[in-house]
Amino acid sequence: MQPRIVEVREGVLKKNDLRARQLREQFREQRVFVVSLVSSPGAGKTALLERTLREMKTVGAVGALVGDLATDCDARRLGQAGVPVRQITTGTVCHLEAQMVADALEGWDLAALDVLFIENVGNLVCPSSYDLGEDLRIVLLSVTEGEDKPLKYPTIFNSADLAVITKVDLAEAVGFRRAEAHRNIREVRPGLEILETSARTGEGMDAWLSRLKELSSLRKGVLAAHPLEPPLASRE
Amino acid sequence: MHELSIAVALVEMACEKAAELGDVHVEALHLRLGPLAGVVREALVFSFDLATEGTPIAGARLQIEDVPLVVLCPRCSEERRLPSVQHMRCPVCDEPTPKVVRGRELELAALEVRENAAPHR
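Order-wise, the sequence lines are chains A and B.
Under the numbering used here, think of the first position of the first sequence as 27, with each following residue one higher.
Under the numbering used here, think of the first position of the second sequence as 2, with each following residue one higher.
For reference, chain B alone in the conformation it holds in the complex (with noise of 0.2 Å):
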């Protein structure tokens, strides 16, 4: 199980461009996952809250955006939308195809962040 290196990973990133932004409080975590990332999506639901324990995004939501797989069709020319990994053929020609346009995306795509109210004097 690579998952929680890999949520490891993505709470380092997130609290590095947080930190960029300055005074800000997390509240989310907009993650784009491919089918063909290698990444159990449970798994790393699981490891995303241990991983984030005792840093500055403690508490922030994990958010996944499933990222459908399309290939593109050597005869057709066109992209489709695969429902399997399985299968990688083009569901209208049946002609198999490697070539994948959208699907191994592993991607911290947002934040979603709340700017801290400046204390009171």
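Okay, chain A solo, but in the shape it has when bound (with noise of 0.2 Å):
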């Protein structure tokens, strides 16, 4: 008997989406707003994450989830800040998934936070597949990574809503080419929006606060509209 042809048209991802899709709809009533973090492991996630925490507790409730393969250092480091953080312990997955932030955040009430922050993995390839519910997506380059890496690793510079370049205090000891980096990361992603920040030195951090203020309201209003609006990325 001859084989046949059944078909199927579904997305392999298609669980994580649907957990996703949950997720950033119970955000959404819980009117949090939800930011993830990506990069690879030492741009400064974490570094970035702490004097944004520190800096915005003071204005309005923030907290953080951490994602880390075997420590909890970073929510350690993190929890200093004052604010609620959890660690999730990914063991050998090089990536977060929306179940494991599901889980971690059971139990959390939400609705008291207006800022949720998601420090995903360091990796710069894994975690561009997973949709985490998040409403903005936050890809980090450091200065001493050189300028090419968006053009090595362009899925999760086209999959991000927003660049930060870290580190910039070291940007003239190690020879950084600020134009050529802002053009790769243009050329993978035109158009993708560029803040550059020192988190020891606060360089940016003023401008990287007030457009993540503006996002986040910003938000608020497409959501009175559209509730359920995909992530800024894939609204296109």
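Quick caveat, the hints were computed from the structure, so don't treat them as lab data.
There could be a bad hint or two in this list.
Stated by the list, open to error - Computed from the model, here is a short list of chain A residues facing chain B with C-beta under 7 Å:
1. P29
2. V109
3. T118
4. H121
5. C152
6. R215
7. P216
C-beta atoms are modelled at their ideal positions from N, C-alpha and C, and glycine is treated no differently.
Join these two chains into a complex; the hints should help.
Right under this line is the structure:
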């Protein structure tokens, strides 16, 4: 008997996408703006987040969920900012998935928060495929990593809503070619907004914080009109 | 490397679909894969055999159809096929564009199945 073809046409990550969609609905019901951070290991996600949490907590309620392969070092660091923080230890898994986020959020009163940050596992490849229900995905690139990184990891830059170039206090010392980095980011993701920060000196922090604030209130406006809008990146 | 978990998700999905079809033998999975799916083809192929081991679809082939990257150019308003994800610009007008029409696919398109013959009595 000849084999027959049975059409399926379903996304392989459908389960994750559905779970992410439920999370997105939950975040919207509870009126919390959710921002995820992705980057390679050591690009400064935790440092940026530490400073961001410290500065934002004076004007609103913030919290963070931190993914890591093996340790809770980052959660302890962030906890010192005096805001609620939870750790997801993924074991050997190189990225966060929507279900891990859902499990870690169990019992957390999100409605008490204005902004929730999700720090992904340091990895520029795998997190790009997994929707976490976030409103905004931020990709970080540190000046020490080299200007060509966006060309090497185009998919993650393509899936981001905003890029932050970190550690700009070191730019001169490492001979960072700023224009080239910007060009490469926009070559793989035309029009992507780029901010520059130094969590150490505070350079660029004001612009970053006010942009976050703007985007979160913009989100609230869009929300009122279209409660089930997909995240910003996939909206075009 | 997350291709193993993607392969596992793919195999689970195929097993569920196959079970719905009754007594069939799955010969192949047809997967559509875009260059922006974030999946390395070779790693997925490698992981697939491991993921099928001990499942009802063990031994099935993985047939991958590469979906081209297609963007919409804001200047000429045409859908254009791009040769590379590194340069997201219209190959005709050179206009940059973030508007991806196709290329993010990671989709189980179809199953190739054979009915198991009725047992002889």
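These are the hints, each one checked on the structure:
1. P29: holds, 5 Å
2. V109: At 30 Å from the nearest chain B Cβ, V109/A fails the 7 Å test, so the hint is violated.
3. T118: Check failed: Cβ of T118/A comes no nearer than 10 Å to chain B, outside 7 Å.
4. H121: For H121/A, the interface hint holds, since the closest Cβ of chain B sits about 6 Å away, which is under 7 Å.
5. C152: Given a least distance of 4 Å, the restraint on C152/A holds.
6. R215: holds, 6 Å
7. P216: holds, 3 Å
Checked against the numbered hints listed earlier, the structure breaks hints 2, 3; every other hint is satisfied.
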